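Q: Full structure from sequences and hints, please.
Chains as they are written, first to last, in the working numbering: chain G, 1 to 297; chain X, 298 to 651; chain R, 652 to 996.
The hints are simulated quantities; they were obtained by calculation from the structure and are not laboratory data.
One or more hints might be untrue.
List of simulated lysine-lysine pairs, DSS-like, C-alpha gap at most 30 Å [unchecked claim]:
(1) LYS456/X with LYS957/R
(2) LYS349/X with LYS945/R
(3) LYS693/R with LYS976/R
(4) LYS442/X with LYS490/X
(5) LYS465/X with LYS957/R
(6) LYS349/X with LYS760/R
(7) LYS347/X with LYS915/R
(8) LYS490/X with LYS957/R
(9) LYS942/R with LYS693/R
Just so we're clear, the structure is a prediction, and the values are computed from it rather than from any experiment.
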Amino acid sequence: MATIDHKAELARAGAGVSGFWGTAFHLARRYPLGAAGAVIVLLFVLTALFAGYLTTYDPTTTNARSSLAKPGPDHLLGADFMGRDMWSRIVYGARISLAVGIGSTVLGCFFGVIIGLMSGYYGGWLDLLTQRVMDILQALPLLVMALLMAASLGPSLTNTIVAISIPIIPNVARVIRSNTLALREMPYVEAARAVGMSEWKIAFRHVLPNTMAPLIVLATAQLGSAILTEASLSFLGLGIPEPHPSWGRMLSESAAEYVRTAPWLVIFPGIAISLAVFGTNLLGDAVRDILDPRERS
Amino acid sequence: MTTTSAMTPQPVPPKVPATENLLEVTDLRTYFFTRQGVVKAVDGVDFALKPKETLAIVGESGCGKSITALSLLRLIPVPPGRIISGSIKLDGVDLLGLGEEEMRRIRGNDISMIFQEPMTSLNPVMTIGRQIAEVLLLHQGMSTKEAYARAVEMLRIVKIPEPEQRVKEYPHQLSGGMRQRAMIAIALACNPKVLIADEPTTALDVTIQAQILNLIVELQERLGTAVVLITHDLGVVAETAQRVIVMYAGRKVEEADVGELFARPMHPYTRGLMASIPRLDLMRGEEKEGVERLQEIPGIVPALSALPPGCAFAPRCPHADDRCHAEYPPYEQKRSGHWAACWRSDELFGGVNA
Amino acid sequence: MHDGAESGVTPGTANGAADSSPRHNRAPALEVRDLKKHFAVKKGLLQKTIGHVYAVDGVSFTIREGETLGLVGESGCGKSTVGRAILRLVEPTSGSIKIEGEEITGLSKQELRPYRREMQIIFQDPFSSLDPRMSAGDIVGEPLKVHGIGNAAERRERVAELFARVGLRQAQMDSFPHQFSGGQRQRIGIARALALNPKLIIGDEPVSALDVSIQAQVINLLMDLQQERGLGYLFISHNLAVVEHISHYIAVMYLGRIVEYADKRTLFTSPRHPYTEALLSAVPVPDPSIKRNKIVLDGDVPSPMKPPSGCHFHTRCPIAQERCKIESPVLRDVGNGQKVSCHFR
Chain G
1 MATIDHKAEL ARAGAGVSGF WGTAFHLARR YPLGAAGAVI VLLFVLTALF
51 AGYLTTYDPT TTNARSSLAK PGPDHLLGAD FMGRDMWSRI VYGARISLAV
101 GIGSTVLGCF FGVIIGLMSG YYGGWLDLLT QRVMDILQAL PLLVMALLMA
151 ASLGPSLTNT IVAISIPIIP NVARVIRSNT LALREMPYVE AARAVGMSEW
201 KIAFRHVLPN TMAPLIVLAT AQLGSAILTE ASLSFLGLGI PEPHPSWGRM
251 LSESAAEYVR TAPWLVIFPG IAISLAVFGT NLLGDAVRDI LDPRERS
Chain X
298 MTTTSAMTPQ PVPPKVPATE NLLEVTDLRT YFFTRQGVVK AVDGVDFALK
348 PKETLAIVGE SGCGKSITAL SLLRLIPVPP GRIISGSIKL DGVDLLGLGE
398 EEMRRIRGND ISMIFQEPMT SLNPVMTIGR QIAEVLLLHQ GMSTKEAYAR
448 AVEMLRIVKI PEPEQRVKEY PHQLSGGMRQ RAMIAIALAC NPKVLIADEP
498 TTALDVTIQA QILNLIVELQ ERLGTAVVLI THDLGVVAET AQRVIVMYAG
548 RKVEEADVGE LFARPMHPYT RGLMASIPRL DLMRGEEKEG VERLQEIPGI
598 VPALSALPPG CAFAPRCPHA DDRCHAEYPP YEQKRSGHWA ACWRSDELFG
648 GVNA
Chain R
652 MHDGAESGVT PGTANGAADS SPRHNRAPAL EVRDLKKHFA VKKGLLQKTI
702 GHVYAVDGVS FTIREGETLG LVGESGCGKS TVGRAILRLV EPTSGSIKIE
752 GEEITGLSKQ ELRPYRREMQ IIFQDPFSSL DPRMSAGDIV GEPLKVHGIG
802 NAAERRERVA ELFARVGLRQ AQMDSFPHQF SGGQRQRIGI ARALALNPKL
852 IIGDEPVSAL DVSIQAQVIN LLMDLQQERG LGYLFISHNL AVVEHISHYI
902 AVMYLGRIVE YADKRTLFTS PRHPYTEALL SAVPVPDPSI KRNKIVLDGD
952 VPSPMKPPSG CHFHTRCPIA QERCKIESPV LRDVGNGQKV SCHFR
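A: In structure tokens, the structure reads:
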């Protein structure tokens, strides 16, 4: 029988870990991919926040002289056909992506939680009705809906956020509903009822806080897909309107015409999108592993 | 009396010629490596089991009785668990030295196990017959037809009515007691030498518990299986076992034949346990004045990752003195065939040192 | 219904096991008459009712202040439903429930609120009965908050008192449930139940999930509290030994009905109903020197959706005859306040 190194085994289990940094360090060692994702997401957020300090050009100012400039000392990542600096546009594009990603996730989760909680907690016809509405929402093709919204309301940042949040609602509502169904039978919920607490208070005080872990897992997972959806919508001209620098739109503007002659116009926004989505997905997977009840001791 | 400290190997209890013992466990240590530190779930447990014998391992949750059972089958989740030392000899073969493939041939064939919750240990999407047949196909190389015929026979042996019908049913179609019978049928299908029963009746109603215990005892006599019975219920122990091991905080604290143990418990923990169970005294014709308080064992079981120095029971023991708090007592024979780990049992309970 | 007037046959299970000692003049803490709870079993898309589970089928009893009624029976006999129906956690189908003489069935949620202060519940599972996201102090203080008793500081003080009373340290008020052991968590549950100073506590298997050594601590605590505060207990359990220890009166349930009722001494020394006899004999006795002739019942408890005709117990009863299949026996007084529902006993 192999001898067992107590110290090594304990280190792997995370004994003696304490404090925020200690825990963070332990988790980073245990989930290296998640840590990489967290670093990417952090960079992404910092880029969006400090866009002004990271760039020298305005992302929307055109300049005929530098049209289609190659990457070089003047323009780090080149410039597009209107002479706008690619680096600036990508850095500012992070703002748009983040705003849409977080905005639509928060909005979708907000309505999803309320609907899921009500439908799971009160049950009955309300549940039946909301479940069918959720089915319909999920059945609607996102692109058709976004097209409708863009056509009727005009493309704008807000409309994009709203459009992207709509398919998130049923996803969240479903998870919250099934959790609520289990939680409302818990003895501590009955105890609150036996004390005479009102039903809506029980729902918000005892049920909702206990659905937070699955909600966080779901929200991080949705973030990446929301960012990707924004890029797709903008690529199709249904998302963020000109002149805001959106990665998806940057791709679509250049993809067909310049992919051969000025490939940097396609490559860099492409990398930005992939990196952002990849990062959030890595982080989301790690968050799920950490918060999964089976992982908890 | 020797003053062995906690770390030195303790003397091995009742040794009978090896050939007589079906299962011999020596110095078994199963540790878990967790964020809270090393959890010594099983810390140096020895025992031997003779053919046809029923050995009960009693203790409260966290005493290591279930981990002992899982260790016998090498079913400890790794990580965080590890069997860090010891040997488990079945007919002289050390199971801890076997490869995973060979071990699989032992499980369900030479040693099988039944669990507390029959619903979660049966596969809900397979018929009962198929689940019995599967073990037979795996271990006995029977043909499918033979295996199913044997499955029906097994259900008849465990007294499930209409076995020809039941063999085609799914676990959810059976009641709790029937499911436990089906579990027993699966466990005994290959005629194992050892049956490990981990709280086999805890989830069942009393009238059903009586049926299942009767069944286990009866089948054991008929098939000659040795049984390791893991339980917290001293009543079940008294009625089914021949020998008893009492565990506390990962170690054996007492061991004796069942009559001897109940008549003359030598360890304060065992005594505390016996005193703290409410008994049906009225039925035995004993009448007490009014309603009497139960004797309680104060405090709680210590965390296995932070055991006190000395005797693990000392913080809760009414008789503990300085030595108990400082040094772990040796596990010694206090009377013939009666072993215990207590510094003060002789003076308190009058043991005769062997 | 008074003692004396009630001899011989009383019609129906409705006339329950109660009123066995007339020494109190005050209205009893709890009086239950002919309580029924039938659950509809629904199936399919349209939720059509395909049958009923007769979980509680006409149960009556009385609990006075300072007294414990042990309600025993096997899983599915309806004992938990009785407790939950009294607390109106499930809506009773019919019957009467009186708290200190006041009828509470039919009251709206709002009207029921003041009565909720009079009765509380302790659950079986110390792990799921406490909200994992709330501190122990908040859990115990919640009933006070819900009923608007005191300000934050007063409530904290009261919670501190309760903690001390159930044997927890006040420093533990800010800890979360997972930081406590099973027995300690059950103490938190008891403190929560005591917060409103109720007259009646319903214990739904309150010690079944605990280790024996801890179980004794909790039983003792419950008994001490009863003496101090004159609490009435409805103690629901499958463990006859525990019930024997804590109860003054005992009701044995089988498939939704009380089959035998008596004071503790009578029930354990001279049980009359064959089911009670079998239950008593099935309990393993922790003493290998006692060899008993066990009555081992055959078969399983039938489904409460399809209870057997006549006497519910006839399918497993060792003394059943033709009559038992047809005629349902009434719960009748056989003297000394003992009531039995059997044709032959």
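Q: Do the alpha carbons of LYS442/X and LYS490/X lie within 30 Å of each other, as the hint requires?
A: holds, 25 Å
Q: Compare the distance between the alpha carbons of LYS456/X and LYS957/R with 30 Å, and conclude whether the hinted pair is satisfied.
A: Measuring from Cα to Cα gives roughly 24 Å; hence the hint holds.
Q: Hey, LYS349/X versus LYS945/R, does the alpha-carbon distance stay inside 30 Å?
A: holds, 23 Å
Q: Are the Cα atoms of LYS349/X and LYS760/R separated by 30 Å or less?
A: Judged against 30 Å, a Cα distance of about 61 Å means the pair is violated.
Q: Hint check: LYS490/X vs LYS957/R, CA-CA at most 30 Å. Holds or violated?
A: The hint is violated at about 42 Å.
Q: Next pair to validate is LYS347/X with LYS915/R; report whether the Cα-Cα distance is within 30 Å.
A: violated, 43 Å
Q: With a cut-off of 30 Å on the C-alpha distance, tell me whether LYS693/R and LYS976/R pass.
A: holds, 28 Å
Q: Can the restraint linking LYS942/R and LYS693/R be considered satisfied, given a maximum Cα separation of 30 Å?
A: Roughly 48 Å separates the two Cα atoms, so the pair is violated.
Q: Would the hint linking LYS465/X and LYS957/R be met if the CA-CA limit is 30 Å?
A: OK: LYS465/X and LYS957/R at ~23 Å, within 30 Å.
When the structure is compared with the earlier hints, violations turn up for hints 6, 7, 8, 9 and for no others.
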